[in-house]
Amino acid sequence: MANVVVVTSGKGGVGKTTSTAALGAALAQAGENVAVVDFDVGLRNLDLMLGAERRVVFDLINVVQGVVRLQQALIRDKRIDTLWLLPASQTRDKDALTDEGVARVIADLRTRFDWILCDSPAGIERGATLAMRHADGAIVVTNPEVSSVRDSDRIIGLLDAKTEKAERGERIAKHILITRFDPARANRGEMLSIADVMEILSLPLLGIIPESEEVLRASNLGAPVVLSNPGSAPSRAYADAARRLMGENVDMTVPSEKRGLFTKLFGRRAA
Amino acid sequence: MHSQVRPRPVHFRGRSYLAFALAPEPPVTDWLADLDAAIQRSAGFFAGRPAVLDLANTALSRADIVPLIKELETRDIRIMGIEGADPADFGPGLPPVLTNGRPASGREMVHETSQAKASEAKTPDAKAKPQPQATEPQPASLLVENPVRSGQTIYFPNGDVVVLGSVGSGAEVVAGGSIHIYGSLRGRAMAGANGNAQARIFCRRIEAELLAISGYYRTVDDLEVDLRHRPVQAWLEGDVMLIAALD
Ligand SMILES: Nc1ncnc2c1ncn2[C@@H]1O[C@H](COP(=O)(O)OP(=O)(O)OP(=O)(O)O)[C@@H](O)[C@H]1O
Ligand SMILES: [Mg+2]
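Quick mapping for you: the protein sequence lines, in order, are chains A and B.
Taking the numbering used here, the leading residue of the first sequence gets 42, the next gets one more, and so forth.
Taking the numbering used here, the leading residue of the second sequence gets -13, the next gets one more, and so forth.
If we strip away everything but chain A, and leave its shape as in the complex, we get (with noise of 0.2 Å):
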């Protein structure tokens, strides 16, 4: 059975793409079926994010318009056979996203795949409601900050009210993916702990990836930085994710770097 999931967060720049990238690249890796959908038509990102920018040739309102088939459009990953990108049009708008469109190419995606990730736009806008429309289950992107938060609650409200399935009075499956986190900030109370998070937006943890470089780096070289650097934090972090994503029951922590004696020693004067 297809699973559609959409990574949202109503606030931009808080780790969608990023985290889009990662957890399809991690599930992939698990031997799944994975397609990542760019559903930020207008300001892709997620061909770069997997280093797929030079193999556009077709998009995602290309196939909703009718004008080439679905194969036609999908991008196979250069790494892992299983993962396959569809990316959203640099130059159009999203006015040229039809319902209609957006609906079948979903459908035509679930007889091909185990997992169809759509990386949404920030906002609350049509953009972001066409992304979730679909959704069976949804990622709610939140940095420990109070507007990310609050614009997450905004979200899940959305997701309650604008989905498909909501519509039908079902629920769609919701988890928290926290990104960003910076333990050493977060006890200085400088950013909203993981029990405040949860207490407000009180839904299931996906998981807590930690503020990194290695993210950065991993964008610049054109992987999903579960591949670029797997031994790093966030690399453990998002392959924890995608594991209880599958339903595996995985113990939550916030991975850190492995630090060598100098930092141990005077590292700590810091925090």
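Read the hints as simulated data drawn from the structure, not as lab findings.
Be aware that a few hints might be false.
What the hints assert, rightly or not - Across the chosen pairs, the derived CB separations fall in these ranges:
1. A:Pro245 x B:Ala74: 34 to 40 Å
2. B:Ala19 x A:Val187: 53 to 59 Å
3. A:Glu208 x B:Pro36: 18 to 24 Å
4. B:Arg216 x A:Asp122: 41 to 47 Å
5. A:Arg226 x B:Gln219: 34 to 40 Å
What the hints assert, rightly or not - Part of the chain A face toward chain B, derived, beta carbon under 8 Å:
6. Asp194
7. Ile197
8. Pro245
9. Asn261
As the list claims (entries may be wrong) - Every beta carbon over 12 Å from chain A, so not counted as near; a handful from chain B, in silico:
10. Leu54
11. Asp72
12. Arg172
13. Glu193
14. Pro217
15. Glu223
Predicted model only: the values in this text are computed from it and were never measured.
Every residue gets a Cβ at the ideal spot worked out from N, C-alpha and C, and that includes glycine.
Position chain B with the ligands against the provided structure of chain A, taking the given hints into account.
Using the frame of chain A, we list chain B with the ligands on its own:
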């Protein structure tokens, strides 16, 4: 039979909504000043809500109405219809003239997004179902089992609202009666919305943005620091809103 080319039927569905009725009284400039005072006291209360202009008390012509609607728009009040006027006097370019409005009393729960299941429980359409009020006993309270999320409004003018979860920052609960929140209150709670000064607000943990009872407002900026994050109740004594810890 040429039924092959029969046009597809077009479906219309009736929907009814709850709107505020604003009834200007002459002189309109004074009335606008009163309105401004009310808005001052209850910042954001009308903002973006649909409103109907009830002209029964006035003898305003089309030429007067246009500037009045502009005035209201500058206050973020959008007029969706006109009541108490002769449709013949109000042609195109003005909101439609509505008839058959009645004071709100039906069970009402407004979700920000009209698609929501929750919003299906709205005032029954007056025409479609004649006098449902007279035959069905009205529920006196509304139980909300899910958290009220940012951007959502629960509106229940008929009685008490009980929320089992939390009310998020940027969410709002408006009740004719009292409001009971078993989670945290981070958004707005407005009890006694129809002028019931006996209404109270209870919550398990207060971090609210705004409390209101019967039109009297308090932001929680001026809440005593030692009450924050505690279970509290709020009530009116005369025109003073009191807030006290429950633990
Ligand atoms: N765990 C992390 N540690 C450090 N930087 C991160 C982390 N996650 C994301 N970032 C950085 O945050 C920025 C925004 O990330 P990303 O593009 O994934 O966000 P987005 O939610 O998709 O943004 P938009 O709303 O614009 O689509 C990027 O520069 C990314 O490298
Ligand atoms: Mg993005």
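Hint by hint, which ones does the structure fall short of?
-> 1, 2, 4, 8, 9, 12, 13
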